[in-house]
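Below are the chains, spelled out letter by letter.
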Amino acid sequence: MKILIIEDEKGLRESIEEYFTEAGNICETASTYAEAISKVSLYRYDCILLDITLPGGTGIDILKAIKEKDHPDGILIISAKNSLDDRLEGLDLGADDYLVKPFHLSELRARVMAIIRRKNFSGNNLLQFHELTIDLLAKSVKVKNQAVKLTRKEYALLLYFIANKGKVVSKNAIAEHLWGDGIDMANNFDFIYSHIKNLRKKLIEGGCGDYIHASYGMGYKFTDQ
Amino acid sequence: MKLLARYNRVTLVTSVVMMLVTGIIYYYAINLILIDDIDKDLEVEENEIFEYVAKNNQLPQVFESNDQQISFWAAAPGSVKRSYIDTVYKKSEVRRRHRRRHEEYESGRALISSISAGGKYYRIAIVKSTVETEDLLKIIFGITIGVILLLLLALFTANRLLLNRLWQPFHNLLKELRSFSISDNKTIPQPDTNIDEFKELNQAVAAMSSKVKKDYKELKTFTENASHELLTPIAVINSKLDSLLQTEDFSQQQSKLLNDLYTSVSRLTRLNQSLLLLVKIENRLVDGDEEIDLKPIIEELLAQFEEIFNDKDLKVSFTGIDKKLKANRYLVDVLLNNLLSNAIRHNIIGGQIVIGLTAEKLTIRNTGDDAPLQSDLLFKRFQKSSSSEGSGLGLTIAQQICENLGFSLNYRFSNGFHTFTMTF
Chain A
1 MKILIIEDEK GLRESIEEYF TEAGNICETA STYAEAISKV SLYRYDCILL DITLPGGTGI
61 DILKAIKEKD HPDGILIISA KNSLDDRLEG LDLGADDYLV KPFHLSELRA RVMAIIRRKN
121 FSGNNLLQFH ELTIDLLAKS VKVKNQAVKL TRKEYALLLY FIANKGKVVS KNAIAEHLWG
181 DGIDMANNFD FIYSHIKNLR KKLIEGGCGD YIHASYGMGY KFTDQ
Chain B
1 MKLLARYNRV TLVTSVVMML VTGIIYYYAI NLILIDDIDK DLEVEENEIF EYVAKNNQLP
61 QVFESNDQQI SFWAAAPGSV KRSYIDTVYK KSEVRRRHRR RHEEYESGRA LISSISAGGK
121 YYRIAIVKST VETEDLLKII FGITIGVILL LLLALFTANR LLLNRLWQPF HNLLKELRSF
181 SISDNKTIPQ PDTNIDEFKE LNQAVAAMSS KVKKDYKELK TFTENASHEL LTPIAVINSK
241 LDSLLQTEDF SQQQSKLLND LYTSVSRLTR LNQSLLLLVK IENRLVDGDE EIDLKPIIEE
301 LLAQFEEIFN DKDLKVSFTG IDKKLKANRY LVDVLLNNLL SNAIRHNIIG GQIVIGLTAE
361 KLTIRNTGDD APLQSDLLFK RFQKSSSSEG SGLGLTIAQQ ICENLGFSLN YRFSNGFHTF
421 TMTF
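Chains as they are written, first to last, in the UniProt record's numbering: chain A, 1 to 225; chain B, 1 to 424.
Just so you know, these hints were derived from the structure itself, not from any lab. No experiment lies behind these values; they were computed from the predicted model shown. All residues carry an ideal CB built from backbone N, CA and C; glycine is no exception. Wrong hints could be hidden among the right ones.
[What the hints assert, rightly or not] To spell it out: a stretch of chain B is covered by chain A in this simulated footprint if at least three of its residues, at any positions, have a beta carbon under 8 Å from a beta carbon of chain A; those stretches are:
| no. | stretch |
| --- | --- |
| 1 | 245-251 |
| 2 | 261-273 |
| 3 | 402-411 |
[Unchecked claim] Not the full set, but computed from the structure, chain B residues with beta-carbon under 8 Å of chain A:
| no. | residue |
| --- | --- |
| 4 | Ile-234 |
| 5 | Ser-239 |
| 6 | Gln-304 |
One chain only, chain A, in its complex shape:
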């Protein structure tokens, strides 16, 4: 997959680039408006991560330029601006999603994967990982053609893991992904543990390999290694 990261903040740009550059992903970056405009007019990307506030211009204009030329690139706006009209403006202009800063890199990846799946596999809604098959339309999971019944949260959790396969995902990020902002009321994240335990049990009982590993007591990793 080819991804363009348009972000002026060096620290953030590097982290995103580093996080995405693995397993065949190609990342390009742009840190200014002019650089971004020249890249989006020359090359096509599977997904463009677009910051709104840039030196020399605004991400909204880049979005407009892409949409004017009818380029099919997926666009995910990442912005610290979170007022409702900003979101609506972005989405109305044809952005695929909107993620407010700060975010977890794992959340960003899950969103990017969702956009790319929607763009590229429009006819094929099946997601394959070894013996695991996920039907994204029916929201059903099969292990070796045997249906495994997951709850809504377990299904979301599995998709999140697959989008971030090979990466350690923090409990914090999982909690925020599944429960949103309300999660700070929880005394601890024990209930995440029980969701993961249930998911793991269901997959293994269905004959799937054990891919979910606890990592250093602070997160989980979905990996086949």
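Based on the hints, put chain B in the right spot on chain A.
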């Protein structure tokens, strides 16, 4: 009370009182003049009698003429005092048709006097009918009443028509002010008027509205910039933590440090977002109303928090009816989320949350510390219990949203339950 009604009442009452007073003065003045006139006539008559007696030394013949009667009685010498009195005038006439004497009593004015003639002392009474005077007064009174009524009618109509037209620019401006919205680009049109007061009002309103709009824009830009500037470093820290997490092999101590960092960063994020939200809500920067139904929103929220209820072993019950309101969906979400979060956060293990929704109010009751909270500090910024992990802004935001939506939010403690009541 409307200005016009009040003005009308004042002018009308003043006019009626003034006219009544004038009428009374008028009545007495005319009465005085007429009586004085009659008295002079009576005096002339008296003089004629005196002259006649001086010349002839006997009483004149008594005859009746010109609504005037003169009569003499013998009296004890010196017993009569000269005076004018109001009396009755007995009028008699022979009606031709009935051939009968007919007597009629009218009010009259008399001069009582005395004279000595032929060595005898007489009391003289000269009586004049005052019926004509009274008729005159009646006519004057009638005319006065007529004029009062006519004037009142004229005043009332004039006030109605004229004042309504005079105040038209004011009402137009009022209509414009009602539809004034701080966030759109429309300016208030200046109603056409050549009255100085309204011109000034127009100018003041125009100046005020443009200043308000300018301030609004500046504030909006400020909050957006502040949001960006504050959140960007936090975003970098967060992403670096996520990257750090990928480098293998942490000791237990290191992973605890990392965990604490994650927790602090997410608290910082939420605090920042809460503060920005509060500024936006306080300055009414969040707009866009839609028709929303509270019941499904609450049910959705409860489903979202199910694991947290289980985690804390909370028993949650919700009874409610469909309640539709016109409000901003985002703000209502934040409001309900904050109130419910509060009920969860300050609860005890194995506690209860009871939510009730009626057409008039939403109540959220929760168990918790067995002592009432200080209700005057409760909604202040950064007021929180020492054990709370929250930002201390949740209830402040909730109350501010309620204020914006025109609801009231109150706290009460009874029977071990902390109750927050939102009255629509």
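Hint by hint, here is what the structure shows:
no. : hint    : result
1   : 245-251 : holds (count 4)
2   : 261-273 : holds (count 8)
3   : 402-411 : violated (count 0)
4   : Ile-234 : holds (5 Å)
5   : Ser-239 : holds (4 Å)
6   : Gln-304 : holds (7 Å)
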